[in-house]
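K.L.:
Using the sequences and the hints, build the whole thing.
Protein chains in written order, with the numbering used here: chain A, 44 to 321; chain B, 44 to 321.
You may find that some hints are simply not true.
Identical copies go unnamed one by one, so any copy, or any two together, can satisfy a pair.
[What the hints assert, rightly or not] Simulated pairs of lysine-lysine, PhoX-like, Cα-Cα distance not exceeding 25 Å:
{"no.": "1", "residue 1": "259", "residue 2": "319"}
{"no.": "2", "residue 1": "207", "residue 2": "45"}
{"no.": "3", "residue 1": "236", "residue 2": "319"}
{"no.": "4", "residue 1": "273", "residue 2": "236"}
{"no.": "5", "residue 1": "318", "residue 2": "123"}
{"no.": "6", "residue 1": "81", "residue 2": "307"}
{"no.": "7", "residue 1": "186", "residue 2": "236"}
{"no.": "8", "residue 1": "110", "residue 2": "307"}
{"no.": "9", "residue 1": "64", "residue 2": "186"}
{"no.": "10", "residue 1": "307", "residue 2": "259"}
{"no.": "11", "residue 1": "186", "residue 2": "81"}
For the record, the hints were derived by calculation from the structure and aren't laboratory data.
Given next are the chains, with one letter for each unit.
2 protein chains.
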Amino acid sequence: MKITTVGLGLIGGSLCKHIKKHTDYTVGGIDINPETIKMALSQNAIDYEEKEPGSGDITIIGLFPDKCIEYCTENAAKFKKDSIVIDVCGVKKAVVDAVEPVLAAHDVTFVGVHPMAGREFSGFEYSLDNMFDNASFIITPTKNTPREVVNLLEDFAYAINFKKAVITTPEEHDRIIAYTSQLAHIVSSSYIKSPTEELQLGFSAGSFQDLTRVAKLNEDMWTTLFLMNKDSLCFEIDQIIERLGEYRRAIDSGDAPYLHDLLKAGRIRKEDSLKKNL
Amino acid sequence: MKITTVGLGLIGGSLCKHIKKHTDYTVGGIDINPETIKMALSQNAIDYEEKEPGSGDITIIGLFPDKCIEYCTENAAKFKKDSIVIDVCGVKKAVVDAVEPVLAAHDVTFVGVHPMAGREFSGFEYSLDNMFDNASFIITPTKNTPREVVNLLEDFAYAINFKKAVITTPEEHDRIIAYTSQLAHIVSSSYIKSPTEELQLGFSAGSFQDLTRVAKLNEDMWTTLFLMNKDSLCFEIDQIIERLGEYRRAIDSGDAPYLHDLLKAGRIRKEDSLKKNL
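P.N.:
Okay, here's the thing in structure tokens:
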């Protein structure tokens, strides 16, 4: 099998390294930066440079969502007929809606994919050949996606050593990701901004570090991702604001039994969540 | 020096183990549960059982805040004259205000202390002889506390292997702890309660685990701690609700530059915070 990867950043680069480590597939790489291509070649992440897509049985678009849509649209006629194109973006519906019909018109199947891992750095220099060893490979087919394409992508995920492949819809993916990932970044970014943060006397709890870790984010990427998943994300922000208001009312009114109930319900919910994810 | 520890739970028990490991002080233990005393003796965390306070140069009250106030009030006349009594509670002003004058009337100096470490378990069986190796020992003197008592407690903290001793006031401690620890538990408990939590398809991001870790809490203890620090905690909840509202408005209105600014400010704030804590 021949793979073409467009955009050798953290995710694209790591996928190439996984492919080369675990399979005998041939990997061609496309990147606007010649230094990145040189690095990828020297680290054996790709077999050769390509200038344009067209030879891949699977083409991986390792670009930010807006650039991914732009690239696929501009190069729609160049992909190999009957081949598969996948992206790696953190939102799915906006990308799939924009790209799937454009490529379908050229007999190319586009499928939205989300490899669920990341680091607080970006660029090929931080890519790893084990980044996805414990990660899920989320595949989001639509009603137009042939079953054999989904099967092939599932096999691909396991072949390159993802822990599991998960199949869902673009809509469901976006609802879940709004909660498990996007909201975490919004809350973390909000948390760090209290005026009290400036008073810290050199004692901070582990819980503070946990709650604010992902405030260190790439604002270019997340601005795009958030705006492409507006409804689900606003729903989650509303939810947590409402919950916070309940705790506030219990505390402000000194209502110990109510506060105790709220905390207990959260503790049980967390314990159940841990059990589900075992 | 002779130490008496009242309440051999997770914190009291771990303090005893630190003392026995790092000093040649004598430790007497008081606990309502005879099994706990037996365990503490067999693990050499205490040298002998005591039934009443009275012999300690330093007495450590390892009880929840309400029980700590009750115990000190009821036993005020029994502590050794000119000795020091400290607590280990997560709130300071309510405890210090209640206990300091009562013990001062018996020539005993009460100082609020907060050993900054914990585990998601409670009881002597989870106590550790290294729990405080990387922790801060917060000392909260008032205007009545003699300077030599503060010095002695600082020396005590380093002698039993705390990483550092930090001196602040009860009020300042409570403002900071409302932000770095209490708010984290409220946010985490709120976060886990979204209806979307039930939809999770077996893919959850690391950020979700970080944001919800401390939702698994002891609701009995935290209800008391929160209600004893009402004003500071309500202030922090108001702050984060206000910040969340800003992100929500930026996302809902599709205002990319505003959202980008908000995220960038949070990222910079987090980076500065990390530098300060190096």
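K.L.:
A separate judgement is required for each hint: does it hold in the structure or not?
P.N.:
Against the structure, the hints come out as follows:
1. 259 to 319: Classified as between: cross-chain Cα gap 15 Å, same-chain 29 Å, threshold 25 Å.
2. 207 to 45: within (22 Å within a copy, 58 Å between copies)
3. 236 to 319: Result: close only across copies, 15 Å inter versus 33 Å intra.
4. 273 to 236: Both, since 22 Å and 20 Å are each at most 25 Å.
5. 318 to 123: neither (45 Å within a copy, 50 Å between copies)
6. 81 to 307: For residue 81 and residue 307, neither the intra-copy (56 Å) nor the inter-copy (32 Å) Cα distance is at most 25 Å.
7. 186 to 236: Result: close neither inside a copy nor across copies, 43 Å intra and 32 Å inter.
8. 110 to 307: Answer is between: at 21 Å across copies they meet the 25 Å cutoff, but 45 Å inside does not.
9. 64 to 186: Neither. Shortest intra-copy (33 Å) and inter-copy (66 Å) distances fail the 25 Å Cα cut-off.
10. 307 to 259: For residue 307 and residue 259, only the inter-copy Cα distance (9 Å) is at most 25 Å; the intra-copy one is 31 Å.
11. 186 to 81: neither (40 Å within a copy, 66 Å between copies)
The structure is inconsistent with the numbered hints 5, 6, 7, 9, 11, although it conforms to all the rest.
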